[in-house]
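*Asks:* Taken in sequence, the protein lines are chains A and B. Read the first sequence against my numbering and you will find it ends at 230, with the numbers running on by one and no gaps. Read the second sequence against my numbering and you will find it ends at 230, with the numbers running on by one and no gaps.
None of these hints come from the bench; they were simulated from the model. Careful: at least some of the hints might be erroneous.
Unchecked claim - Listed next, with one range per pair, are the computed distances between beta-carbon atoms:
{"#": "1", "chain 1": "A", "residue 1": "132", "chain 2": "B", "residue 2": "155", "range": "25 to 33 Å"}
{"#": "2", "chain 1": "A", "residue 1": "132", "chain 2": "B", "residue 2": "86", "range": "35 to 43 Å"}
{"#": "3", "chain 1": "B", "residue 1": "44", "chain 2": "A", "residue 2": "109", "range": "23 to 31 Å"}
{"#": "4", "chain 1": "A", "residue 1": "11", "chain 2": "B", "residue 2": "207", "range": "55 to 63 Å"}
{"#": "5", "chain 1": "A", "residue 1": "173", "chain 2": "B", "residue 2": "135", "range": "40 to 48 Å"}
{"#": "6", "chain 1": "A", "residue 1": "160", "chain 2": "B", "residue 2": "113", "range": "54 to 62 Å"}
Stated by the list, open to error - Okay, the calculated bits of chain B under chain A, using three or more residues with CB under 8 Å as the criterion:
{"#": "7", "region": "19-31"}
{"#": "8", "region": "117-126"}
{"#": "9", "region": "135-149"}
Each residue gets a CB set at the ideal place from its N, CA and C atoms; glycine is no exception.
Number of protein chains: 2
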Amino acid sequence: MTTLVLVSHPQLADSTSQQFLKESLPDDDIIWEHIESLSSLDVAQEQAQLRRADRIILQFPLYWYAAPAGLKQWEDTVLTRTFVYGDHRYPLADKELGIVVTTGMPRQAFQRGGAEGVTLDAALAPLAALAHRAQMRWLPVFPIYQFGYLEEPEKLQLVVDYQRYLTQPQPDSLANRQDWFAQRLDGMVARLAEDQRTTGRLIASVFEQNREQIDQLHDTLAMIKEQDDD
Amino acid sequence: MTTLVLVSHPQLADSTSQQFLKESLPDDDIIWEHIESLSSLDVAQEQAQLRRADRIILQFPLYWYAAPAGLKQWEDTVLTRTFVYGDHRYPLADKELGIVVTTGMPRQAFQRGGAEGVTLDAALAPLAALAHRAQMRWLPVFPIYQFGYLEEPEKLQLVVDYQRYLTQPQPDSLANRQDWFAQRLDGMVARLAEDQRTTGRLIASVFEQNREQIDQLHDTLAMIKEQDDD
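This is chain A alone, in the form it adopts within the complex:
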């Protein structure tokens, strides 16, 4: 799976959250592009890049309940009507569209009666409508609230969640999560130093055993639920 990460931020170097996310990128097949760093928008090149990707991630800080002007400029220039839905051809159809949005406000602010008075989902309606028009699949939004206040364990969790958002097959089910972790575990063990590899293999084998147990529990639960439905 190829993932295209389009980052929009007017001062990327000054953004600790964006630098953190850049360093958290997984080793997978990721194309990463910072829109404001492009000297000019090469429409054909940008469109070709979109065609190649299976998952497209728009990543930006929320400015006045929307992406920065740079991303809107990219939309207005690259996403020509002819490209997106001209002649009843939909080159972006069935690609996934994900939104990674950072905000300095807390989660509670984004609800009716909250300080912002609008949910993130409602604020992102224009991008959701674009996905709808292009026949893309809208992924649940990936919000990062108040990055500056995150503790170390929360940041480590953020790395894993972000990597999964970029590369894990949808839906975000237990089975898909397990597969995603299992795939990465072997690679992580291989990259360990010689003396740590035994410990790494042990962790991997415990993970594998747990996984089998969870599968069995899952099957048992499914059987119980089926009986309940009778």
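Take the given structure of chain A and dock chain B to it, following the hints.
*Replies:* Frame of chain A; chain B shown alone:
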């Protein structure tokens, strides 16, 4: 009342609808500004202009369910957090925010199940949230669908409706409409040629008689409704 009309369009000269709206501007106290024509954004000057206005109109074509990048750039630059709600001062509080939005799609497209799959109100959620944050009063949106297909009588109606949207006191009640027309009628008659002025005065006096009759009917209706409530 001072109205500030901020127009955002990347090619204003090529837009027949925007040229039409420009020619339709009323003679009232209107400040009209084309954002993309500004060589640079003078933040202090733009903010001072906002402070002076009682009603602020954002006028633009709908590109991907939002304003063009130019307006977003203006928002990201001019509307600093300190200006809009810093130190619990709200310089835009109680000012009215109106949206004049043109679109090449028909009215029916903007509903669930329609071609666009989103209402204009939902698409404009970010601007509504901005109004909420700034403690401004959100006016009902003024949409112009498929300007290119309007017939002459529809265009004449559009001129009047647009002028009212820019200058008529809210809410858009019968009484406020009548007052608005009455105020303009004298001015129109005064500008007529000598030989047409008698006809003009006749029209004005019929309008005034009708208005009194409507007021009486209104009072009668109110009495009947009050009795119904018993």
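*Asks:* Could you run down the list of hints and mark each one as holding or not?
*Replies:* Verification of the supplied hints:
As the Cβ distance of residue 132/A to residue 155/B is approximately 32 Å, the hint placing it in 25 to 33 Å holds. Checked against the given bound of 35 to 43 Å, the beta carbons of residue 132/A and residue 86/B, roughly 37 Å apart, stay inside it. Between residue 44/B and residue 109/A, the C-beta spacing of about 29 Å keeps the proposed range 23 to 31 Å intact. In this structure the hint that residue 11/A and residue 207/B lie 55 to 63 Å apart at CB holds, the actual value being about 58 Å.
At roughly 44 Å, the beta-carbon separation of residue 173/A and residue 135/B lies within the given 40 to 48 Å, and the hint holds. At roughly 39 Å, the beta carbons of residue 160/A and residue 113/B sit outside the given window of 54 to 62 Å. Closer than 8 Å: that is the beta-carbon criterion, and the region 19-31 of chain B has 0 residues meeting it against chain A, so the requirement of 3 is violated. Counting residues of the region 117-126 of chain B whose C-beta sits closer than 8 Å to any C-beta of chain A gives 6, which meets the bar of three, so the coverage hint holds.
With 0 residues bearing a CB less than 8 Å from a CB of chain A, the region 135-149 of chain B misses the requirement of three and the coverage assertion fails.
Checked against the numbered hints above, the structure violates hints 6, 7 and 9; every other hint is satisfied.
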